[in-house]
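Chains as they are written, first to last, in numbering that gives the first Met the number 0: chain A, 0 to 122; chain B, 0 to 371; chain C, 0 to 161; chain D, 0 to 165; chain E, 0 to 102; chain F, 0 to 211; chain G, 0 to 366.
It is possible that some hints are incorrect.
Said to hold, decoys possible - The following residues of chain A were derived to be distant from chain E, with all beta-carbon distances above 10 Å:
(1) ALA16
(2) ARG29
(3) PRO40
(4) ILE72
As the list claims (entries may be wrong) - Partial selection, computed: residues in chain C whose CB lies under 7 Å from chain A:
(5) GLY1
(6) VAL59
(7) ALA63
(8) VAL145
(9) ILE152
(10) VAL158
Stated by the list, open to error - Computed Cβ-Cβ distance ranges for the label pairs, DEER-style:
(11) ASP133(C) to ALA16(A): 41 to 49 Å
(12) LYS37(A) to ASP173(G): 55 to 63 Å
(13) VAL156(C) to LEU20(D): 35 to 43 Å
Honestly, the hints are just simulated from the structure, not real lab data. Keep in mind the model is a prediction, meaning the values are calculated, not measured. In this text, a Cβ means the ideal position worked out from N, Cα and C, and glycines have one as well.
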Amino acid sequence: MLINYGYIGLFILAAIAFTIVMLLLPAIFRLVGINPRKPNPIKNATYECGMETIGRSWVQFNFRYYFYALMFIALDVMVVFIYPWAAELRKLGYFGLMAVLIFVFVVVVGYLYAWRKRVLEWK
Amino acid sequence: MMIFNPDPSSVRQMPTLAPDWPGGFWWHWLLFTVIIIAFVLLLVMGYIWLERRAMGRMQARLGPNRAGPFGLLQPVADALKVMLKEDIVPVNADKIVHLLAPIIAFAPVLIIFAVVPFANGALLADLNIGIVFVVAISSISTLGVFMAGWGSSNKYSLLGAMRNVASVVSYEIPVVLSIAGVVLITGSLSMNQIVLAQEIPFILLQPLGFLIFFIGGCAEINRSPFDLLEADSEIVAGFHTEYSGMKFAMFYLVEYAEALVISALITTLFLGGWRGPILPPWLWFLVKVMVVFFVMVWTRTTLPRVRIDQLMALAWKFLFPLALLNLFITGIEILAWPTAIAWLIPVNIAVMVILVLLWSKLFKLGWGRVEV
Amino acid sequence: MGVTIAFWILAVAAILGALGVVLLRNVFRAALSLVLCFLAVAGLYVTLSADFLAAVQILVYVGAIAVLIILAIMLTRDVQRGSPGNRLQLPAFIVAALFLAIVAFAIFQTSWQLAELPPPAPTTSDLAFRLLGDGGFILPLEIAPVLLLAAIIGAIVLVREK
Amino acid sequence: MKFERYGIGIAKGLRVTFKHLFRRPVTVQYPEQKLHMSRRIRGNELIWDKDKCTGCATCAKTCPQGVIQVITSVDAVENKYVVEKFEVDTGYCISCGLCIEACPYEALYMGYAYERAKYRREDVIQTNEQLLPSADRLRSGYMYPEIAAQLPRQTLLLERITEEEE
Amino acid sequence: MSIALEHYLILATVLFSIGLYGALAKRSAIVILMSIELMLNAVNIAMIAFSRYIVPLMLTGQVFAIFIIVVAAAEAAVGLAITMAIYRRRETIDTTEINLMKW
Amino acid sequence: MEVTGKSKYIYSDSELDRSEGQIIETLKAQSQQPLADPDAWLDEEIDRNILLTTVDAVFDWARRYSVWPAMFAPACCAFEMICMAASRFDLSRFGMEIFRASPRQADLMLCAGTMTWKMAPQLKRIYEQMAEPKWVIAMGACAISGGIFRSSYAVVPGYNRIIPVDVYVPGCPPRPEAVLHGIRMLHRKIAEGHVNIELNPLKAKQERLKDT
Amino acid sequence: MTLKTEPFVLNVGPQHPSTHGVFRMRATLDGEVVVDIEPIFGYLHRGIEKLAEERTYTGVIPLTDRLDYLSSMANNLGYCLAVEKLAGIPVPERAQYIRVIMAELQRIASHLIAVGAFLNDCGAFMTPIVYMIREREKILDLFDMVCGQRLTYNYMRPGGVSQEIPDEFLPALDKFLKQMPGWIDEYDQLLKENEILLARSKGVGTLSQELAISISASGPVLRGSGIKWDIRRADPYSIYERFEFDIPTGTVGDCYDRYRVRVEEMRQSLRILEQARQQIPGGEFRSKVPHLIRPPVGETYAHIEAPKGELGFYLVSDNSIAPYRCHVRAPSLLNVTALRDLMIGWKIADLILIFGSMDICMGEIDR
Ligand code: SF4
Ligand code: SF4
Ligand code: SF4
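Build the full structure now, drawing on both the sequences and the hints.
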């Protein structure tokens with residue numbers, strides 16, 4: 000089994016290396032002088048429809064985003080249990096089905112609570 | 000040095016990385032790594048070309064046709080040119096994050112292809128948790144996009160990045176649950192096993208799962224009606240507003256490579272992967288992937304964009320409950336009729352139609368304050 | 000052999016990532032280095048033949064928890080402040096170092112009862128049976144969602160606008 | 000989002016785009032195929048008939064822009080004006096055609112050509128000889144029905160003449 | 000030289016200590032939460048290593064690890080929620096500045 | 000959430016107006032004369048070695064067929080530009096349909112319309128923010144000379160007061176074909192102008208250093 | 000407890016892909032929600048009204064072309080009506096019909112762009128606008144045939160039109176009238192019932208009747224709110240009282256209504272065109288007018304129903320060859336004043352949508 004992960008691990012390294020090489024190409028070109036580079040203060044300023052930026056750029060966002068992430072994290076954890084279950088359901092039988100049904104039901108209660116409390120909406 | 004002198008009894012049979020393929024481990028790895036990377040790059044270029052041409056035709060025009068025959072070299076020209084552009088790093092940007100973002104966005108997409116079965120037996124490695132691997136790795140890409148938005152220190156970028164996070168966070172769950180439906184039928188997490196189990200393409204057995212996966216997949220990679228995070232008409236170019244040159248090209252590539260991932264996954268999970276008569280497996284795979292991509296282009300040409308709250312509502316209030324229902328209905332079916340599968344096709348299609356209609360109705364009535 | 004190399008690389012990456020979390024002043028970067036640590040740990044799981052868990056690690060930690068943390072950073076505007084230490088830095092360091100020393104000592108002193116068998120190859124199905132099968136951890140399994148439910152409700156109550 | 004129509008609206012839209020896939024594109028491949036312009040085209044140049052022009056400078060006065068510059072000297076022998084310099088800055092002219100309407104001696108025409116992009120600003124200005132009609136500087140039929148009648152019929156997208164001609 | 004149980008345990012301890020240091024010495028609540036995640040991760044490594052080397056067929060350690068991940072997720076969710084709730088009232092998440100008694 | 004009062008902006012309106020006015024006045028004072036046209040390549044004979052010429056040819060080819068325009072469309076001419084991108088004239092045949100909203104990713108600024116002094120600082124800013132190499136096509140009388148509004152107090156008499164213009168396309172508005180012709184001329188310029196291969200990187204670097 | 004979210008100021012425009020020109024909105028956002036918006040314009044202020052004071056009455060016509068450059072014919076018509084009223088110039092019958100034909104064609108062309116741009120702002124990646132431009136192109140061909148330009152026609156003159164329509168014009172017009180209804184149907188198929196579009200635009204940016212009246216909105220924006228007001232009926236100019244047509248109105252006044260009103264108006268314009276085509280008489284195309292018009296001292300106001308609303312020209316004459324004062328009542332400018340009220344509380348995406356549904360032309364707003 001580990002041999003497969005050996006392949007994958009090396010592939011991951013290769014993929015990252017490939018990406019970095021792709022990014023390095025323009026840098027090399029620039030050293031050779033093919034790619035232009037003429038920085039100036041205006042060019043390096045932030046683009047905002049041709050205006051100068053008003054205020055800071057670190058926008059602060061609404062807390063509403065948090066609820067989605069929250070629901071997501073709970074359900075994601077649920078998925079962790081669902082996958083092995085799904086793969087082996089035939090052998091686990093109705094008992095397994097019931098177990099996961101109860102599991103999901105309890106989490107879904109939380110989901111319904113969130114729905115009821117209208118945190119899954121943008122007002 | 001006691002630490003590194005372990006008890007002889009603990010020295011056990013570690014599986015060695017021995018060659019299990021003619022030519023040995025390294026050759027196997029090298030060959031297929033090169034093939035996969037080249038394949039992905041070529042296919043992505045093909046995608047770009049296909050999209051521009053198909054979209055052109057649908058809009059009653061021609062599309063690129065000057066660079067090379069039929070404009071086939073258009074993506075090459077674009078790639079070269081982009082490589083030759085100046086690279087701008089805004090002064091306000093978090094430079095390291097700005098630099099790392101394209102890498103973190105692009106590498107995972109490439110890595111996913113390591114386990115996609117292009118032909119019988121995945122090329123590089125057939126992981127027995129293949130599909131979980133794909134789901135897990137693909138969640139890293141989000142981070143790259145977020146880093147891009149953050150690192151640019153630009154308001155539009157940040158808005159785009161936030162939108163991306165919001166959409167990924169919402170659509171991951173329905174997508175993953177619809178995949179679980181497929182896993183239920185196959186009883187295996189290995190991508191190749193999933194293909195092998197598809198005597199009947201799962202699009203027939205899991206029509207609802209397919210629908211959810213398609214919509215959710217498109218939303219996750221921000222295609223067609225869900226392309227909010229770089230919505231031209233709203234937030235300029237979204238998270239890559241401040242990127243130029245090769246770094247921008249990376250994001251451009253990511254966009255299409257992700258589309259490729261989704262079409263490859265749809266092909267593998269629902270359309271029978273490389274299976275098919277007469278033609279060689281890889282060709283079948285290619286054809287199916289292209290067809291799926293064409294559907295994506297088609298919807299992109301036709302549909303308007305949804306708004307962020309609608310995007311979220313669709314995921315949380317429409318797709319997610321349906322995905323759960325689908326999962327358990329499939330589970331019961333599997334347990335009740337472990338073998339007889341074929342006659343479930345009409346049943347499942349009927350179930351899909353009923354569920355979707357019912358849910359649309361509820362949606363419309365504003366049950367549980369669904370309306371947005 | 001391959002496992003050894005992989006272990007060392009991943010261990011170094013994990014420790015670097017962890018150090019980054021406590022040493023970097025920019026909170027956003029600290030979170031990114033936490034992600035690096037998570038990924039390295041996932042790799043370590045693979046070297047321990049826990050492939051499913053590795054995927055779960057990435058899925059939950061990188062895909063969800065890291066995103067949650069980054070969102071929290073965005074929402075609380077903590078970046079501007081950086082991540083300074085408090086007055087307890089030195090004592091904390093001593094505590095941590097002491098802990099490390101004691102535990103390391105304990106580890107080397109214990110003679111572990113190592114099993115001879117190789118681990119089962121695909122862990123997923125075994126996991127499924129351990130979790131859901133007869134005599135598995137069915138009770139904890141059913142308690143877990145209650146925990147999640149409590150977390151959801153608690154967090155919503157805490158953050159929601161009145 | 001409401002699904003009042005269960006996605007039928009979306010399906011209809013998809014059908015329209017799909018139909019277009021098999022329609023002939025309306026594109027003209029510009030540098031190779033060219034449309035016949037309107038017979039009254041106001042191209043972006045002026046054409047000046049030196050012989051007919053009397054140097055009365057009505058055009059210059061009518062031009063809302065003051066684009067036309069006419070410098071004349073008096074020819075005492077023949078008792079008429081001689082145009083020394085007739086200059087049009089086509090980069091400034093807005094092709095309104097008022098000068099053509101105004102010229103009492105029918106000495107000024109709009110040009111039929113439109114491909115007059117230049118690399119330099121100075122090149123856009125036309126003086127004396129550059130304004131005369133020639134083979135590649137056809138006159139347009141704007142305000143001159145006789146000329147219009149000789150020009151080829153305009154290609155209309157409505158009729159898609161291009162199709163037949165190919 | 001082969002990798003044995005001790006290696007993993009030492010690694011886990013190191014990670015745990017770093018997390019411990021972070022949790023004790025940092026002022027930002029979010030960084031403290033991140034440090035706690037680190038500690039949980041370290042425990043997970045130890046769990047899985049034990050499972051792998053001591054009871055390879057039982058997978059008990061892995062099951063434990065899954066539950067720890069559940070706990071970590073819940074902890075992160077609630078911890079960050081508390082952080083945010085505090086931030087909303089106090090405009091800060093600096094633990095030294097948060098004096099709960101004087102709320 | 001209620002936000003009330005003027006305090007919601009970081010700068011007050013009058014401050015913004017005043018600074019805007021200052022910027023415009025400075026720019027106006029600087030832009031009394033047109034900038035020189037970047038046309039040196041028209042006369043210049045560049046001799047290079049064979050290798051570089053081949054590489055150059057490939058690069059120029061790529062640049063030529065992948066000119067992405069920035070969206071810059073202040074006035075009427077914009078609609079001819081849009082028509083040019085639409086089905087009848089189809090800019091995409093030249094690989095140009097990717098209108099980039101962000102100047103960072105664009106190569107060509109198609110100046111379609113009247114430029115007012117109020118807008119000029121933004122124009123300059125957007126132009127500066129485009130990544131090298133970049134080109135400019137002045138489309139229409141307004142872009143060349145101010146056109147019909149030349150005598151107006153508010154209008155910049157030609158884009159070449161602010162930014163260097165590569166190709167001038169007269170007309171008001173120029174027909175889409177005319178602009179396409181201009182674009183083909185730009186292609187020629189890209190092909191023959193050999194954007195930049197600095198043969199002596201060291202020297203170039205020194206020059207760069209000198210600039211900054 | 001209100002959130003202590005820092006208001007975050009975002010510039011939308013002046014150079015923004017979907018502000019239809021150089022319009023700038025300083026939006027204060029809370030997350031994605033617009034809490035305040037300040038429209039800033041003047042980026043296209045070209046001084047048209049001032050320039051008009053130093054040109055002859057005929058020389059002003061090219062300037063009017065560039066007011067609302069999407070409906071130059073209508074602008075020409077409005078200006079010429081004003082001059083005729085001021086100087087008492089008669090217009091021959093045939094010229095009236097030609098003018099009506101042109102104005103209605105122009106209305107269709109302008110609405111095509113308005114609808115296309117609106118749908119494009121919804122994010123339907125280029126397709127609707129590309130289709131609509133294709134149809135507009137057909138109309139432009141007709142204009143091109145008549146006056147030799149595609150955008151700035153400069154066709155109408157005080158006392159008629161500048162040239163007789165060419166022979167091939169009327170057959171081409173017939174063809175157009177035959178084909179156009181089919182095309183409009185096709186567009187309706189494309190997006191009229193699209194769920195996403197409905198969800199995006201129904202109920203969004205509702206302009207109440209009171210507000211619409213109090214800002215003196217006009218055109219489709221007003222009619223979208225359900226007010227039957229059309230200058231062609233309310234104060235018929237030219238020969239509009241001879242034609243039969245309906246005034247389509249919306250019910251709610253949201254973006255979708257405005258979009259539908261425009262589409263229906265195209266159908267009505269086709270009806271008018273049909274009738275005008277049937278009735279067009281022979282005769283002169285221009286009455287005898289001196290080369291330089293010198294109206295008597297006085298002032299006048301003439302208004303027409305331009306595609307975007309009530310377009311009025313207010314002229315003051317001091318008996319010279321140039322107007323003493325020329326003021327334009329630009330429909331877009333008045334319609335755009337509703338912007339702030341419509342947008343507050345909506346999201347950034349809606350902001351663009353609402354802006355698109357107003358159908359604004361910067362040339363006219365800034366002048
Ligand atoms: S008006 Fe005619 S005749 Fe008089 S100067 Fe002009 S072109 Fe010559
Ligand atoms: S066409 Fe108009 S602007 Fe051009 S020269 Fe003649 S009158 Fe002047
Ligand atoms: S050149 Fe003519 S059409 Fe173009 S912007 Fe200027 S006035 Fe408008």
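Worksheet entry | Hint numbers not upheld by this structure, sorted from lowest to highest | 4 and 13
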